[in-house]
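What follows is each chain in one-letter form.
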Amino acid sequence: MREITKRFPGVVANDGVDFEAAGGEVHALLGENGAGKTTLSHILTGLYHADEGQIFLSGEPVAFQSPRDAIDAGVCMVHQHFRLVERFTVAENLVLGDRRGAGRRFRIDPRAVESQVRELGRRYHLPVDPHARIWQLSVGEQQRVEILNALYQDARVLILDEPTAVLTPEESETLFTTLREIAAEGRTVIFISHKLHEVKAVSDRVTVLRAGKVIATVRTTDATPQSLASLMIGHDVEATQRTARDLGGEGAVLEVRDVWADGDRGAPAVKGISLAVRAGEIVAVAGVAGNGQRELAETIAGVRPSTKGAIRVDGRLLKRGDVRAAFDAGIRYVPEDRLGTGVSPSLSLAMNLELRSYRESSLGPFLRLRRMRANAEKAIEEFDIRAPGPDVQAANLSGGNLQKVVIAREFSGEMKVLIAASPTRGLDVSAVATVHSYLLQAAGRGTAVLLLSEDLDEILALNDRIVVMYEGELSEVVDRESIEEIGLRMAGETPGSSDSA
Amino acid sequence: MNDSLLVVLIASGVAYGTPLLFAALGELLAERSGVLNLGVEGMMLVGAVMGFWTVERVHANTGLTLALAIVIAAVAGTVMATIHAFLVITLRANQIVSGLALTIFAGAVGLSSYLGNNLKLADVPAAHSFHTLLPKGMQNLPVVGPILFGQNILVYASWLCVIAVGLYLSRTRPGLNVRAVGESPAAADTMGINVTAYRYAHTLAGGAFAGIAGATITLAITPQWVDGITYGAGWIAIALVIFAFWRPELCLVGAYFFGALQALAPQLQARNISLGPTVLWSNSLPYVMTVLVLVVVSSGTARRRLGAPAALGVAYVREEH
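For the record, the sequence lines run as chains A and B.
Just so you know, the first sequence maps onto residues 1 to 501 in the working numbering.
Just so you know, the second sequence maps onto residues 1001 to 1321 in the working numbering.
Since the hints were made in silico from the structure, they are not lab data.
A hint or two may mislead.
[Claimed, not checked] Between beta-carbon pairs, the in silico distance windows are: (1) B:LEU1100 x A:GLU471: 20 to 30 Å; (2) B:SER1299 x A:LYS319: 25 to 35 Å; (3) B:TRP1159 x A:TRP135: 25 to 35 Å; (4) A:GLN80 x B:VAL1291: 33 to 43 Å; (5) B:TYR1287 x A:GLY272: 41 to 51 Å; (6) A:ALA289 x B:PRO1277: 49 to 59 Å; (7) B:SER1004 x A:GLU471: 55 to 65 Å; (8) A:GLU60 x B:VAL1097: 43 to 53 Å; (9) A:ASN396 x B:GLY1300: 23 to 33 Å; (10) B:SER1004 x A:GLY272: 51 to 61 Å.
A virtual CB, placed ideally from N, CA and C, is assigned to each residue, including glycine.
I would like the entire structure built from these sequences, with the hints used as guidance.
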């Protein structure tokens, strides 16, 4: 790719990017969120059109009008959000994209594809049952289907966008092996990530992107995680490290006992969870997405009614499924889905800040708009929200500033318990640091903090105690510095007790 | 034996159920592509009036005239469906609102009555109509005679359509594609399937089926035209698609069941059997169905539980910025 430029309203996502990947290599594309990695890959796969620049494939200039053109030319992508038809079987999904074999005929017979799926699965260590329907598969398995799909199309260039975000550490290892094998056949694998150790583990070369520009392309063997980090961020980073503190013998502020709750599909998603968080303590809940973390957070916040069990704050039982009661009891909630649940996107910043307290601050049925704006201006100042003013629509704020709005709102009043669900997902490094500092500040003020996150680095940096959530159940991590133990528990296994001697 | 209530009910259930079956098959095709069309009633009424108009105006032999009438009715239904398709696929209007508007615009006291009255079709018997096809000897066979052999050609055609639609959806490339479009347009788009084209094609096909369904009523069941002659059959057809879990073979069973219900009241009356106010509930059935359909289609949870196409009712926008 040469001189690729892509502009979106207000931002230049890619600014004269030169990128080159050879056959037979795993090439990592490293950069922070918002550095332009995904945009670049979307241009390469025909989803976006570059405003300037040229793409060459094996020396030939190409112009992809649609993802289909790219696939036909052998450029396939495994998206962060899988492009699979949930109710189809694995085989049907593969036939769907096929234009050479079974897919060209009018009459199709998915059974004929099934043997091919098995064969490919064996060759690349990607076992999946071709009869299985996608919704029955785990996220890791669905990813295998996506990769199989690309191989079934005989992809010459395979692009993976943050593929390990949904995997356990062990599944990631297996994926790396598979990717190396695919590359060893002369295909090109482009691995997009912002995680240094993964890039180090899997790639032959690394191209670092920052603010839409290529900073450097280096051989992985010549780079250290530190050198890559400073290339990626532009300055050296100090990791937040939390030291274990003595919390004394204080009793639990938040106490959850044998709580059950149903997921969106009606099946139990939270299965008999008991948990206690003391004042000033940060309990981190680790786990692969979709193991009931969101449901647990919503249940404690009162958004989702529990079907069984008790939630207590300072010993007082909370009415189940009552957001107002939870808030009045001192529970504050930073939800996972900022734009959809955290704020009302079409309301102004000032109104969003007032969503929790309008009852107290309004005059009968009337809102006190002037006071509201004054409060908003104060919050903008205090929480360093970068916004044109209190009247700006929440939808127009960036992720980091949106999160600050949510935090500013939730930090009001007497905050006894803070539930933060994936509070830094999709934020850039400086916003992440800000959010982390707020979480630490809350704990410092004696709030019981429950942090639910899929980001292991975040969990390791902030926790006083780690629990792992797997299929709706919790297990306590004994050694909170052992990534291995956390990883095993994330996969639903209990580490053997043999090495305890 | 062939006069027994059960045999008569099943036989007339098949006859009365045929327009329901045609309309339901059409709606099923549209919904499988992700387009909900609540305009079935309106499309059927326009098909009914245009089919009837054809047999009144064309002076050819019976077979040719009827074939032409069916084609005209299908075309009329397709034209109506085009309005809906343009509104909801191209302009991405709300599918429920657009479908309701179509039924109001085209339905009783709307376009179809204007056409019928203006073309002076009221109070005239059909010049040609569909009759039983097979020899009398076969029709007189016990039980199977009236049920299977005492039907007109449209009934047999509808059976072929059920088989064709079933095979199309489960065994063919375009069938797989249309299911993908209805389930996950984003995935389909990535795979190079033209979401817009598939949705248009199946919505229009749905209109053609609804038009034929309307003509089946005015040319085979009650060979005449009166305003609003479908009496809510379009709504029953939409409900049928839901009860049949979007599967053509179950549409057939359901259509004949509702057909038999329609025949029940007059048959009981003719035999002097009293089952309370049968007429009341069989006449109110279409309205009950309408309410039911609206509740189900507007509740996301209910739809998911029943197994509706995941993208039903949702316009597709490619996420290009």
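Note to self: To test your reading of the hints: which numbers does this structure violate?
What the structure shows: 1
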